[in-house]
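Please build the complete structure, drawing on both the sequences and the hints.
There are 2 protein chains.
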Amino acid sequence: MSNIITVSREFGSGGRELGKRLAGELGYAYYDREIVTALAKETGMDEGFLDQQLEASTVQIRFPIHFAQSFSELTTVPDTTVHILSLQSKLIKELASKGDCVFVGRAADALLEEKKPFKLFVYADQASKLARCRSRATDEENFTDKEMIRQMKRIDKARAEYHDIISSRAWGERTAYHLCVNTTGTEIKAVIPALADYYRAWLNVQG
Amino acid sequence: MSNIITVSREFGSGGRELGKRLAGELGYAYYDREIVTALAKETGMDEGFLDQQLEASTVQIRFPIHFAQSFSELTTVPDTTVHILSLQSKLIKELASKGDCVFVGRAADALLEEKKPFKLFVYADQASKLARCRSRATDEENFTDKEMIRQMKRIDKARAEYHDIISSRAWGERTAYHLCVNTTGTEIKAVIPALADYYRAWLNVQG
Numbered sequence: 093m094s095n096i097i098t099v100s101r102e103f104g105s106g107g108r109e110l111g112k113r114l115a116g117e118l119g120y121a122y123y124d125r126e127i128v129t130a131l132a133k134e135t136g137m138d139e140g141f142l143d144q145q146l147e148a149s150t151v152q153i154r155f156p157i158h159f160a161q162s163f164s165e166l167t168t169v170p171d172t173t174v175h176i177l178s179l180q181s182k183l184i185k186e187l188a189s190k191g192d193c194v195f196v197g198r199a200a201d202a203l204l205e206e207k208k209p210f211k212l213f214v215y216a217d218q219a220s221k222l223a224r225c226r227s228r229a230t231d232e233e234n235f236t237d238k239e240m241i242r243q244m245k246r247i248d249k250a251r252a253e254y255h256d257i258i259s260s261r262a263w264g265e266r267t268a269y270h271l272c273v274n275t276t277g278t279e280i281k282a283v284i285p286a287l288a289d290y291y292r293a294w295l296n297v298q299g
Numbered sequence: 093m094s095n096i097i098t099v100s101r102e103f104g105s106g107g108r109e110l111g112k113r114l115a116g117e118l119g120y121a122y123y124d125r126e127i128v129t130a131l132a133k134e135t136g137m138d139e140g141f142l143d144q145q146l147e148a149s150t151v152q153i154r155f156p157i158h159f160a161q162s163f164s165e166l167t168t169v170p171d172t173t174v175h176i177l178s179l180q181s182k183l184i185k186e187l188a189s190k191g192d193c194v195f196v197g198r199a200a201d202a203l204l205e206e207k208k209p210f211k212l213f214v215y216a217d218q219a220s221k222l223a224r225c226r227s228r229a230t231d232e233e234n235f236t237d238k239e240m241i242r243q244m245k246r247i248d249k250a251r252a253e254y255h256d257i258i259s260s261r262a263w264g265e266r267t268a269y270h271l272c273v274n275t276t277g278t279e280i281k282a283v284i285p286a287l288a289d290y291y292r293a294w295l296n297v298q299g
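Top to bottom, those sequences are chains A and B.
Counting in the working numbering, the first sequence runs from 93 upward without gaps.
Counting in the working numbering, the second sequence runs from 93 upward without gaps.
Heads up, a few of these hints could be off.
Put simply, identical chains are the same to the list, so a pair is met inside one copy or across any two.
Calculated cross-link-like contacts (lysine-lysine; reagent style DSS-like; alpha-carbon spacing at most 30 Å) [to be verified]:
| hint | residue 1 | residue 2 |
| --- | --- | --- |
| 1 | K208 | K238 |
| 2 | K182 | K238 |
| 3 | K190 | K238 |
| 4 | K238 | K133 |
| 5 | K281 | K133 |
| 6 | K281 | K245 |
None of these hints come from the bench; they were simulated from the model.
Model, not experiment: these values are computed from the prediction.
Here is the structure:
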C-alpha cells in the first residue's frame with residue numbers, strides 16, 4: 093500500500109509550499125494543480141472554470157451542512173459543481189493508489205481516511221498570512237488589508253464547509269491531525285528536513 | 093538571553109515524557125517536579141501538600157474567570173493557593189533566566205510570554221491517553237475507564253482554567269503554539285530528534 097501525506101491548511105499559511113517541499117524531500121509525488129489538470133483532461137472543461145467550481149464556488153455554496161449527509165442531498169448545489177467534486181474525489185482516490193504521495197487540500201485527509209494518511213495541518217497568524225498573500229499578489233490586485241482578510245476568511249470557511257461534508261471531524265480541529273504546524277516566524281524551507289524525519293519516525297511505528 | 097521551550101499538554105498524552113526527552117536531546121535544563129521541590133524548600137511546606145494546592149486544588153477552584161483580571165481579584169480562592177501560585181510564578185521566571193530550559197505545564201508558556209519561548213502543545217486521542225494512564229497506574233488505583241476519563245477531563249479543565257487566568261489565548265487553541273503534536277500511534281522517543289531539529293530550525297530564524 094502506498095504511503096500518503098495530506099496537508100490541510102489555512103489560506104496564506106504556506107501549506108502548499110510546505111507540502112510541495114515535503115514531497116520533494118521524501119521523493120513522493122505531489123498532487124495539487126495536477127488534479128485540476130487531470131480533471132480538465134477528463135471532462136474537456138477549462139482549468140479556469142474548474143478552479144472556479146472547486147475553490148471559488150464552494151464559497152458560494154450555502155447549505156445546511158449539518159443536515160446534509162452526502163452530496164446527493166445537497167439539492168441547492170448546482171449539478172455541475174457536485175459532478176466535478178465527485179470526479180475530483182474519484183481521481184484523488186485513484187492517485188492515492190498509484191504510489192507514495194502528498195496531497196494538499198481538497199479534503200484529501202477525509203477522502204483518504206481509510207488509507208490512514210499522515211495528516212498535517214498548517215496554520216499561521218493573520219499578520220503572517222497577510223504578508224504572504226501580499227508577497228504573491230500581482231500588481232493588478234489592489235486589495236486593502238481588510239479586503240484581503242475578508243477573502244482569506246471566506247476561503248477558509250469554504251474549505252471548512254467542504255471538508256465537513258465529508259468528514260465527521262471539523263476542519264482545523266487538532267485531534268483530526270497528527271501534527272499542526274504554525275508557520276508564523278518560521279522559514280518553511282528550513283523545517284522540511286525535521287518534518288520529513290518526524291513523518292519517517294511516525295511511519296516506522298505504523299502497522 | 094536563555095532559550096526556552098514550554099510544553100503544554102493534555103493529561104495522559106505523554107507531554108511530560110516528551111518534554112523531558114526533548115530537554116535531554118538538546119542539553120537543556122528540565123523543570124517540572126523540580127519546581128515543587130524548590131517551592132517546598134522555600135516555604136517549608138510539604139511537597140505533597142504543594143502538589144495538592146498546585147494541581148488538584150486548581151480543580152476545586154471555581155470562579156468567574158472571565159471577570160477575574162488577576163489573582164488579587166480572586167477573592168473566592170483560598171489565600172494559601174494564591175500565595176503558592178504566586179511563588180510558583182516567581183520561581184518559574186527566575187529559573188527561565190538561568191539558562192536554556194524546558195518547562196512542562198504550570199502555564200509557563202503564558203508566564204514567560206515576553207521571553208518568546210518555543211511553545212509546544214502535546215495531545216492525543218482518548219483511547220491513547222487512557223492506555224497511557226492505565227500503564228502508569230499503581231495496583232491500588234482501581235479506577236474504571238469511566239472514572240479515569242472523568243479524572244482526565246477534570247485535570248485538563250483545571251489546567252485550562254489556570255492557564256486562561258494568565259493568558260489572553262485559550263489553552264489548547266492552536267494559534268497559541270508553534271507546534272501541536274498528536275502522540276496517538278507515535279513513539280515519543282522516536283520523534284524526539286525530529287522535534288529537536290524542528291526547534292533548532294525555528295530558533296535559527298528568530299531575531
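What label fits K281 with K133 when the C-alpha limit is 30 Å: within, between, both, or neither? neither (32 Å within a copy, 46 Å between copies)
Under a CA distance limit of 30 Å, which applies to K238 and K133: within one copy, between copies, both, or neither? Intra 37 Å, inter 54 Å, cutoff 30 Å: neither.
Up to 30 Å between alpha-carbons, please classify K281 paired with K245: within, between, both or neither. within (25 Å within a copy, 38 Å between copies)
At 30 Å max between alpha carbons, let me know whether K182 reaches K238 within a copy, between copies, both or neither. Neither. Shortest intra-copy (37 Å) and inter-copy (41 Å) distances fail the 30 Å Cα cut-off.
Since the copies are identical, ignore which copy is meant and state whether K208 and K238 lie within 30 Å (CA to CA) inside a copy, between copies, both or neither. The answer is between: 28 Å across copies meets 30 Å, while 39 Å in one copy does not.
Cα distance capped at 30 Å. Does K190 pair with K238 within a copy, between copies, both, or neither? Cα proximity of K190 and K238: none, with 43 Å in one copy and 43 Å across.
Violated hints, listed in ascending order, are 2, 3, 4, 5; each of the other numbered hints is respected by the structure.
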